[in-house]
Every structure is written in structure tokens, then in C-alpha cells.
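Participant: Going down the list, the sequences are from chains A and B.
Per UniProt numbering, residue 1 is the first one in the first sequence, and the count goes up by one each step.
Per UniProt numbering, residue 1 is the first one in the second sequence, and the count goes up by one each step.
Calculated directly from the structure, the hints in this document are not laboratory data.
Each hint should be verified, as a subset may be incorrect.
[As the list claims (entries may be wrong)] Cβ pair distances, simulated, as ranges:
| hint | chain 1 | residue 1 | chain 2 | residue 2 | range |
| --- | --- | --- | --- | --- | --- |
| 1 | A | 141 | B | 121 | 29 to 37 Å |
| 2 | B | 190 | A | 49 | 54 to 62 Å |
| 3 | B | 335 | A | 319 | 35 to 43 Å |
| 4 | A | 14 | B | 77 | 31 to 39 Å |
| 5 | B | 23 | A | 141 | 30 to 38 Å |
| 6 | B | 333 | A | 323 | 51 to 59 Å |
| 7 | B | 164 | A | 141 | 39 to 47 Å |
| 8 | B | 33 | A | 323 | 47 to 55 Å |
[Said to hold, decoys possible] Below, in silico cross-link-like pairs of lysine to any residue (SDA-like), each with a Cα-Cα straight-line distance of 25 Å or less:
| hint | chain 1 | residue 1 | chain 2 | residue 2 |
| --- | --- | --- | --- | --- |
| 9 | A | 40 | B | 121 |
| 10 | B | 40 | A | 64 |
| 11 | B | 40 | B | 30 |
| 12 | A | 40 | B | 125 |
| 13 | A | 40 | A | 14 |
| 14 | A | 40 | A | 64 |
| 15 | B | 40 | A | 121 |
[What the hints assert, rightly or not] To give an idea of the interface, some chain A residues facing chain B are shown, with a C-beta separation under 10 Å as derived from the structure:
| hint | residue |
| --- | --- |
| 16 | 20 |
| 17 | 57 |
| 18 | 68 |
| 19 | 104 |
| 20 | 112 |
| 21 | 115 |
| 22 | 261 |
| 23 | 267 |
The beta-carbon is built from N, C-alpha and C at its ideal position, and this holds for glycine as well.
2 protein chains.
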Amino acid sequence: MAEGAPRRQPTLDEVAERAGVSRSVASRALNNAPHVSRAKREAVQRVVRQLGYVPNPTARALATRQTGAAALVVSGEDPSIFADPFFAQVIVGASAALEEADLHLMLCLAASDRGRERVAELLRGKGADGVMLMALRENDPLAALAEQAEMPVVFGGRPVGSTPRWYVDADNAGGAREATEYLLSRGRRRVATLCGRLDTEAGRARYRGYRDAMLGAGIDPLPPVEADFTEAGGAAAMAALLAGHGDVDGVFAANDNMAVGALRTLREAGRPVPAEVAVVGFDDLAVARVADPPLTTVRQPITALGREMARMLVALVGGQDPTPLILPTRLVVRASA
Amino acid sequence: MAEGAPRRQPTLDEVAERAGVSRSVASRALNNAPHVSRAKREAVQRVVRQLGYVPNPTARALATRQTGAAALVVSGEDPSIFADPFFAQVIVGASAALEEADLHLMLCLAASDRGRERVAELLRGKGADGVMLMALRENDPLAALAEQAEMPVVFGGRPVGSTPRWYVDADNAGGAREATEYLLSRGRRRVATLCGRLDTEAGRARYRGYRDAMLGAGIDPLPPVEADFTEAGGAAAMAALLAGHGDVDGVFAANDNMAVGALRTLREAGRPVPAEVAVVGFDDLAVARVADPPLTTVRQPITALGREMARMLVALVGGQDPTPLILPTRLVVRASA
DNA sequence: CCGGGAACTGGAAGCGGTTCCAGTCCCGTT
DNA sequence: AACGGGACTGGAACCGCTTCCAGTTCCCGG
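Go ahead and model the full structure; you've got the sequences and the hints to work with.
Facilitator: This is how it looks when you write it as C-alpha cells:
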């Protein structure tokens with residue numbers, strides 16, 4: 001906290017006065033806008049340096065009607081959803097892109113009513129210049145809020161049931177299809193899917209990809225075993241799957257967390273991977289590399305997803321009209337399949 | 001974006017006018033401050049509801065000199081440090097605590113010069129009501145910035161070489177000692193440590209804990225093999241350790257990521273865990289439970305760490321003077337040791 | 001019926017910038 | 001020497017909300 005100087009931060013008025021110019025000129029000099037003579041511009045800069053003046057962002061925000069911040073809101077019924085390393089990677093990308101545009105990142109975990117209310121206030125009260133929305137579920141109240149927001153909104157992944165104007169998504173269906181086709185191409189026939197939450201578009205799309213691949217190969221898809229994208233959920237779903245279809249020889253899990261859970265269940269059930277059951281995940285999180293056996297998985301460019309969301313938002317804030325983006329996925333073959 | 005109504009957000013003036021009161025009264029009614037008659041208070045509330053009025057946070061911030069936001073800054077020479085799931089958990093805790101105080105969370109990944117500069121501006125320009133600082137390294141430029149900041153600063157973990165006035169930390173040395181003592185108690189004698197970066201206080205403290213335990217048992221500690229807290233680093237360090245001391249029978253890794261890397265190296269080297277080499281980690285991240293074998297590790301309450309940092313900051317912002325906190329750790333025994 | 005204090009009220013002064021706009025200045029032209 | 005125009009300049013009006021303070025109003029005991 002403050003040590004010596006109880007002196008307030010210098011204001012632009014003080015800078016102007018010391019530099020012997022008016023506040024307007026000082027302001028222009030600061031933002032190096034035109035209509036400032038060389039001499040005065042330098043005078044202002046000198047005083048700024050000498051006083052260590054830093055403009056008050058709040059005042060600037062009020063005057064320009066721009067907050068200088070973008071919000072990333074992660075929906076979920078439970079804050080622990082955020083513990084998924086997926087989001088951390090998104091943030092790394094988004095943060096870098098926002099930094100380029102000199103925007104700050106506000107992070108909102110909209111996991112409670114209170115949290116959603118705060119997001120609503122943010123949206124309606126212009127508490128940020130724009131918002132990135134992720135992890136929406138079916139009938140997510142945030143979707144409605146975003147609809148009415150008079151503020152740029154970019155979706156990360158698409159919400160269920162509607163296609164927003166601006167979004168960045170991975171090719172979930174395509175990746176899932178590729179994963180399933182790979183399993184089929186290795187001679188697996190009784191291929192099941194541990195699908196993610198079907199109240200999310202990612203879960204649905206990945207299931208569609210699985211189903212299309214199966215149908216394309218002329219094999220009846222097995223009924224999806226739904227889990228919640230967590231390791232524990234994947235483990236439980238795998239157990240359920242073994243109970244119902246003990247003869248599966250291939251499993252496409254809709255994300256790596258679930259795949260790792262499945263791996264654990266299979267190990268405990270004494271079913272060697274990939275000898276008896278081949279497993280493919282989705283995401284290519286760090287855990288995929290570390291799993292035993294290392295996980296064959298569909299890599300989606302998560303950091304790029306964050307980066308592109310942020311760039312899209314920056315473009316929107318800048319008055320442009322960017323087009324939605326679908327990022328490609330790529331199968332990474334390791335030992336599990 | 002805006003669909004129909006090009007109508008601006010209503011302002012407090014409009015609310016006041018429609019409610020037939022002055023702006024001051026409207027303001028007081030809004031913040032339910034005293035000195036407003038029941039009738040007018042209700043009139044204001046009615047209009048607010050009917051207009052869907054939301055106060056402009058920027059204007060409020062300017063007037064109250066409070067931004068309504070707290071920043072969490074994560075230092076690092078590379079944004080990828082943030083991919084460590086550790087931070088996500090901190091955020092879950094911090095976010096919840098800030099929500100209670102109705103503060104927003106700004107996340108700053110100070111991984112570049114530009115990033116640090118922005119943090120500096122935040123600190124000097126009063127862009128937030130307070131700051132939480134994490135992952136500082138030796139001679140971290142952020143430490144100096146924090147020093148001069150006329151703003152509450154809470155440290156997550158202690159910086160190297162100095163003890164700040166306000167911080168929340170885990171009992172790193174104690175946890176490391178417990179881990180090492182556990183290994184010793186199980187009959188291991190050639191116990192080594194894969195220490196984390198020794199330019200961080202956490203790395204040092206955990207090394208001290210290891211050393212103290214060894215000395216306490218009358219055994220010469222092995223020279224620490226330093227790694228960077230990553231899985232890859234842990235794997236490499238383990239390889240180096242095997243090359244130098246092929247006869248180790250116990251390893252304390254200063255975090256779970258490194259422990260998992262060590263597990264991988266040991267598996268590849270054909271050294272069964274825990275039969276030949278017992279491994280203990282630190283953190284108890286999700287990966288510990290999933291590792292093969294499941295990792296015995298020192299759990300630190302990461303979410304609580306975030307929560308307590310945020311609470312401490314809230315207290316500081318509220319003018320109180322909280323005391324530093326050291327959170328206890330606890331050994332979680334699984335199969336790897 | 002009056003005095004006095006408590007409860008309310010609203011005008012006005014900020015908070016610290018940005019930006020519009022009406023002037024000034026300074027030159028090169030005519 | 002008067003003139004037109006572009007480059008500068010600074011006064012003043014915001015941006016939208018909080019809060020101080022000087023009044024008003026209201027109510028109650030005397």
C-alpha cells in the first residue's frame with residue numbers, strides 16, 4: 001500500500017498546467033492525436049514522464065464509452081466445470097489476442113444465479129466492450145441474455161438449437177467422424193461412443209460424427225452412453241457400457257477426460273488397451289500424452305480457439321463484421337488405438 | 001448486437017425524472033441509502049424495473065473511485081505456465097469469493113514485457129481495486145511494481161527473498177517434509193527430490209522440506225535435480241536422476257506434473273512403481289488420481305488458496321488489515337508410494 | 001400554537017478524461 | 001496590404017453517477 005506520499009495520482013489537469021497548455025492539448029498529445037505542435041507535444045510528454053502520470057482508465061472509459069475490457073464468460077451449473085484444463089488453454093489464446101488489442105480480460109464463471117445475474121448486469125450495463133460466451137447448454141439463460149445484449153458477443157462453440165451470428169467452433173462432427181473411422185479402419189467393429197453431455201452442441205455434434213461414421217460403414221451405431229465430460233463420468237459410463245455391451249472393441253470418448261476415465265475402468269476390468277478395446281479421445285489435452293497407454297485423440301486447436309474468439313471480438317468492437325470460424329481438428333495417433 | 005431500438009440505455013436522470021424525484025434521491029434509492037421516503041423509494045424502484053435500468057458501472061466507478069474489479073495476475077516468462085490446472089483451481093476459489101463481494105475478476109497473464117507493462121498501468125492507474133499476485137520468480141519485476149502500488153496487493157505464495165505484508169501460502173516446507181518422511185517411514189533410504197524451479201519460493205521451500213526430513217533421519221540428502229514444474233521437465237529430470245543415481249528407491253517430486261513425468265520415465269525405464277521406486281508428488285491435481293499408478297501426493301487446498309487470497313483482498317479493500325495465512329497440506333496416500 | 005430537531009429533498013460540485021467548436025495565428029497569395 | 005485557409009489552441013460541454021450541503025417539510029413535545 002501507500003508508503004510515504006499521500007499525494008494523489010496526478011491528473012491530466014496538473015500535467016496540462018505544468019506543461020503550460022490546456023487540458024485539451026494535453027489530452028491530444030497523450031493520445032498522439034493531430035493538432036498539437038511539436039513543441040507542446042514534447043512539453044507534455046516531458047511532464048508526463050517526470051510526474052509519472054498514468055491516465056485514469058475509468059475516466060477515460062466514461063468519456064469514450066469504451067471500457068477497455070472484454071469478458072470471457074464460462075457457463076455451467078457448477079464452478080468446477082472451469083477446472084477442466086480446456087478453459088485454461090482457451091484463456092491463454094484469448095489473453096494473447098486481447099493483449100494485442102490492449103484490452104483487459106474479465107473472467108466470469110457464471111455458475112450460480114448470482115453469477116448469471118452479474119453477467120446480465122455486465123451485458124446490460126455496458127461493463128465491458130464485448131463478451132465471449134462458452135460452454136452454453138440447452139436453454140441456457142445466457143443465450144437469451146446474449147440475444148438482447150447491445151454489445152458484441154462471440155460464441156465459443158455453438159449453442160444448442162441456434163446458430164449465432166458470430167462464433168468460433170471446432171469441427172466437432174468431423175473430428176468425431178475421423179476418430180470413429182480410424183477405429184473402424186483398424187478393424188474394430190463393435191465401436192461404441194461415450195458421448196458427452198447431449199445438452200451441449202459439442203456433445204451432440206461429436207455424437208453425430210460417430211453415428212455418421214458408423215452408418216457410413218454400414219454398421220449400426222450403438223446407443224450413446226452419456227456422460228458429463230469428466231473423468232469420473234467417463235469411468236462410470238465405461239463401466240455401464242461394459243455391463244451392457246461387454247463385447248465392445250472400440251470406444252470413441254467425446255473428450256480426453258472421459259477417455260482417461262474409460263482407460264481406468266478398462267484397466268480395472270482387466271481389459272487391455274488397445275489389444276482388446278481401442279480407445280480414442282477428443283481434445284488432446286496434456287493428460288492424453290500422459291495417459292497409460294498414451295491416448296489416441298482428436299486434437300482441436302484450443303489455444304487458437306481462444307485466440308480467434310478474441311480476435312473476432314476485437315474486430316466487432318472495431319466495427320467490422322467478421323465471419324464465423326470453424327477450426328479444423330486432426331487425429332493424433334498414439335498407443336491407445 | 002442491437003436489433004431494433006437504437007435507444008440508448010436509460011440514465012439515472014431519466015429514472016429520476018420519470019419517478020418525479022431528483023437524481024440524488026434516485027441514486028440513494030438505488031443504493032438503498034438512507035434519507036429517502038418510502039414512497040419515493042418505491043417510485044424509483046418501479047421506474048427502474050419498468051425501464052430495465054442498469055446503472056453504468058463506469059460512471060459509478062469514476063464517482064466512487066472504486067472500479068469494482070480485482071485483478072489476478074499470473075507471472076511467468078511464457079503464457080503456457082497458465083495451462084497448469086493449478087491456476088484454474090485458484091480461479092475457481094477466487095472467483096467465488098469475489099462474487100460474494102460483488103467484485104469482478106480481471107485476469108492478467110503477465111508473460112511478456114507488454115503484459116507486465118499493462119499490469120504496471122493497472123497498478124499505477126488504479127485500474128482495479130486490488131491485485132492478487134501469483135507465481136513470482138526471483139527478482140520478478142512485478143515484485144517491485146507491487147511494492148510501489150498504492151493499492152492493496154495480496155500475494156499467492158510468497159515471493160523469493162522477502163515476505164510481503166499480505167499473502168496466502170500453502171505449507172510447502174511442511175508438506176514436502178511430510179512426503180519425504182513418509183517415504184523414509186516406508187523403508188526407503190535412497191530418496192531423491194525432483195525439485196521445482198529454485199527461483200521460486202515454492203520450489204525452495206519444498207526442497208527445504210525434503211532436506212530437513214532427510215537430515216532429520218540422519219541421511220544425506222541427494223543433490224536436488226531441478227526441473228520446471230512441467231511434466232516434460234519431470235520426465236527429463238527423472239531420466240537425469242536415474243543416470244546419476246540409478247539406485248534411488250524413492251522420489252519426492254515437487255509437484256504432480258513432474259511426478260507424472262517421472263512415472264512415465266520410470267515406466268519407460270522398466271522400473272516398477274512403487275516396487276522399486278516409490279514416488280510422491282505435490283498438489284493433488286486431478287492428474288494424480290488418474291495416473292498409473294495413482295499418485296501418492298501432498299494435497300494443498302488450491303481452491304481455498306484462491307478463495308482466501310480473494311477474501312484477504314476484499315478485506316483490504318474494505319479497509320481492514322487481515323493477517324497472512326498459511327494453509328495446511330495433507331498427505332494423500334495412493335498406490336505410487 | 002410554536003420551536004426545534006429529525007427526516008427528506010434536490011441543486012450543484014465533483015470524479016478525470018475526451019472532444020466539439022469557435023477562435024487565433026501564421027503564411028503564402030493576389 | 002488585405003485575404004483565404006490550414007494548423008493550433010483552449011473553453012466548455014459532456015460521459016453518468018455519487019455525495020455534500022443548504023434548505024424544506026414534517027412531526028412532536030412543550
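Participant: Which of the listed hints are broken here?
Facilitator: 3, 10 and 16
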